[in-house]
Amino acid sequence: MSIKHGLLALLREDPKYGYQLRGEFEAATGATWPLNIGQVYTTLTRLERDGLVRPASGEGDGDGRSLYEITDDGRAELARWFDTPVTRESRPRDELAIKLALALAVPGVDVSAVVQRQRMSTMRSLQELTRLKRGNRDGDISWQLVLESMIFAAEAEIRWLDHCESMLLRHRAAGGTTPAASRAGTTPAAGRAGTTPAAHRTNDVPEEQAKR
Amino acid sequence: MSTILDIRNLTRTHGQGKQAVHALRSVDLSVEAGELVAVMGPSGSGKSTLLTCAGGLDQPTAGEVLVDGNDLTTLSRNAVAALRRRRIGYVFQDFNLIPALTAAENVALPLELDGTRTRAARKYAEAALQEVAIDELADRFPEDMSGGQRQRVAIARAIVGERRLLLADEPTGALDSDTGETVLQLLRDRCDQHGIAGVLVTHDARHAAWADRVVYLRDGVLVGQSGPLPEADALLQESH
Ligand SMILES: Nc1ncnc2c1ncn2[C@@H]1O[C@H](COP(=O)(O)OP(=O)(O)OP(=O)(O)O)[C@@H](O)[C@H]1O
Ligand SMILES: [Mg+2]
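Residue numbers (this note's numbering), protein chains in the order written: chain P, 2 to 213; chain X, 17 to 256.
Excised from the complex, chain P in its bound form:
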């Protein structure tokens, strides 16, 4: 998404000043997406260049700041934005997935520990989001919606981490190897997480390193 479409949406009803747009943007997203005023003006300049907004005729607030209004092209662009679903591909690359893939590929990294640290960190964000949600029980519906979206995303990440961990255990139990090193098999103990507690966690990496 872009700040661009956010600003267009806020201009839809009536013309606004830059500082006003900034405040309303933050209010609508529950301050989960802080904007600085510089970003707002840069975006407005680009929108103006593309003919999506224009300075409202002859009005200023006296300090030389101008009032912006949306153009017909701007309205069309806004409608198109609302009509188009957000695809996952349009989001930034998933750094976490890449990090885990690399942790698996590079020898000597305790992948379980990486997963566990990430799980606790994501859990903490999820706790914080949940507390914000509780505090907003009878509050602003826009904010609630943004919060819920982040809660679902954090929850999905934790489930994915759980999934990665059990996949990893099964992979090791089956004597799987990691892409980077062609180690043959793993110790039988490493795979049986349920019956040989913590063996895989504390011993795995040293054992596997020792075998190479």
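Wrong hints could be hidden among the right ones.
[Unchecked claim] Below, a list of computed lysine to aspartate or glutamate pairs in the DMTMM-like style, where the Cα atoms sit at most 20 Å apart:
| no. | chain 1 | residue 1 | chain 2 | residue 2 |
| --- | --- | --- | --- | --- |
| 1 | P | LYS134 | X | ASP220 |
| 2 | P | LYS100 | P | ASP163 |
| 3 | P | LYS134 | X | GLU197 |
| 4 | X | LYS139 | X | GLU152 |
| 5 | P | LYS134 | P | GLU149 |
| 6 | X | LYS139 | X | GLU178 |
| 7 | P | LYS5 | P | GLU25 |
| 8 | P | LYS5 | P | ASP74 |
| 9 | P | LYS134 | X | ASP194 |
| 10 | P | LYS134 | X | ASP208 |
| 11 | P | LYS5 | P | ASP15 |
| 12 | P | LYS5 | P | GLU27 |
| 13 | P | LYS5 | P | ASP51 |
| 14 | X | LYS139 | X | GLU128 |
| 15 | P | LYS134 | X | ASP205 |
I should point out that these hints are in silico values taken from the structure, not numbers from a laboratory.
Fit chain X with the ligands to the given chain P structure using the hints.
Frame of chain P, contents of chain X with the ligands only:
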């Protein structure tokens, strides 16, 4: 703040020698009044064992379990049973309600077992049912209620009287996501408003996130902990 539950070096081993299953190994956990702690971890990691030991339903192999300063591992059976009736509320995944008793009778049962007169016990039970917002179902039998309603009765039974410690083993397991959230809301309110210490076992991260702290068990060992959280004000300032 006072510590309600203090678990020290708790170890629980089933069987002996090569057959031994180490359900818990040297677990330390303390929970303050007003605090809600969630316990997560894969299946078989020892979550239920931790809870049953904390509730005096299972005897540890080693370590101490202090509830309100009383070490359950050194008390007599009767003393543990009394403590359980008075101070510890337990919510089971399958509710564990007695089918032949109405909602109010189920809730009043621990009090009556503890010697409270029937009338008085009924009053307390009604108050507890009111707290979980189902006082109108007081005279219904469990089989005539929905899963979510039964779970509320089970919670009412766990909070009736002057309980200090509330232990809940997957209390949302059988409920849909929305009903699950209302159960969490209830547990949360108990801790916030009545200074009860709560421990909640759950598989659901969304539900665990209602807790002040989330601890993570794996193979009987506490491997991680998230929280406690900073104060809400600090949080909001951070995001600006
Ligand atoms: N009576 C028993 N005899 C032998 N082993 C037992 C006994 N009770 C539990 N265990 C073992 O202790 C370990 C921990 O069990 P526990 O029930 O605490 O797991 P859990 O984390 O609650 O799992 P789940 O998420 O499936 O409920 C498991 O390996 C289990 O098989
Ligand atoms: Mg269990």
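Hints, verified against the model:
Taken as a hint, the LYS134(P) and ASP220(X) pair is honoured in the structure, with Cα atoms around 17 Å apart against an allowance of 20 Å. Annotation: proposed proximity of LYS100(P) to ASP163(P) holds, straight-line Cα distance about 16 Å (limit 20 Å). A threshold of 20 Å between alpha carbons decides the hint, and for LYS134(P) with GLU197(X) the separation of about 12 Å falls inside it, so the pair holds. For the hint linking LYS139(X) to GLU152(X), the alpha-carbon distance of about 14 Å falls within 20 Å, and the restraint holds.
With a C-alpha separation of about 8 Å, the suggested pairing of LYS134(P) with GLU149(P) holds against the 20 Å cut-off. Pair hint LYS139(X) plus GLU178(X) holds up; C-alpha atoms about 14 Å apart against a cutoff of 20 Å. Between LYS5(P) and GLU25(P) the alpha-carbon distance is near 14 Å, which keeps this suggested pair within the 20 Å criterion. For the given pair, LYS5(P) sits about 13 Å from ASP74(P) by alpha-carbon distance, which is consistent with the 20 Å threshold.
At roughly 14 Å between alpha-carbon atoms, LYS134(P) and ASP194(X) fall within 20 Å of each other, so this suggested pair holds. A C-alpha spacing of about 16 Å is found between LYS134(P) and ASP208(X), which places the hinted pair at or below 20 Å, so the restraint holds. Between the alpha carbons of LYS5(P) and ASP15(P) the distance comes to roughly 16 Å, so the proposed pair stays at or under 20 Å and holds. Proposed proximity of LYS5(P) and GLU27(P) is supported: the alpha carbons are some 14 Å apart, at most 20 Å.
Distance check on the hinted pair: LYS5(P) and ASP51(P) sit about 11 Å apart at the alpha-carbon level, within 20 Å; holds. As the CA atoms of LYS139(X) and GLU128(X) are separated by approximately 12 Å, the hinted pair is consistent with the 20 Å bound. As the CA atoms of LYS134(P) and ASP205(X) are separated by approximately 15 Å, the hinted pair is consistent with the 20 Å bound.
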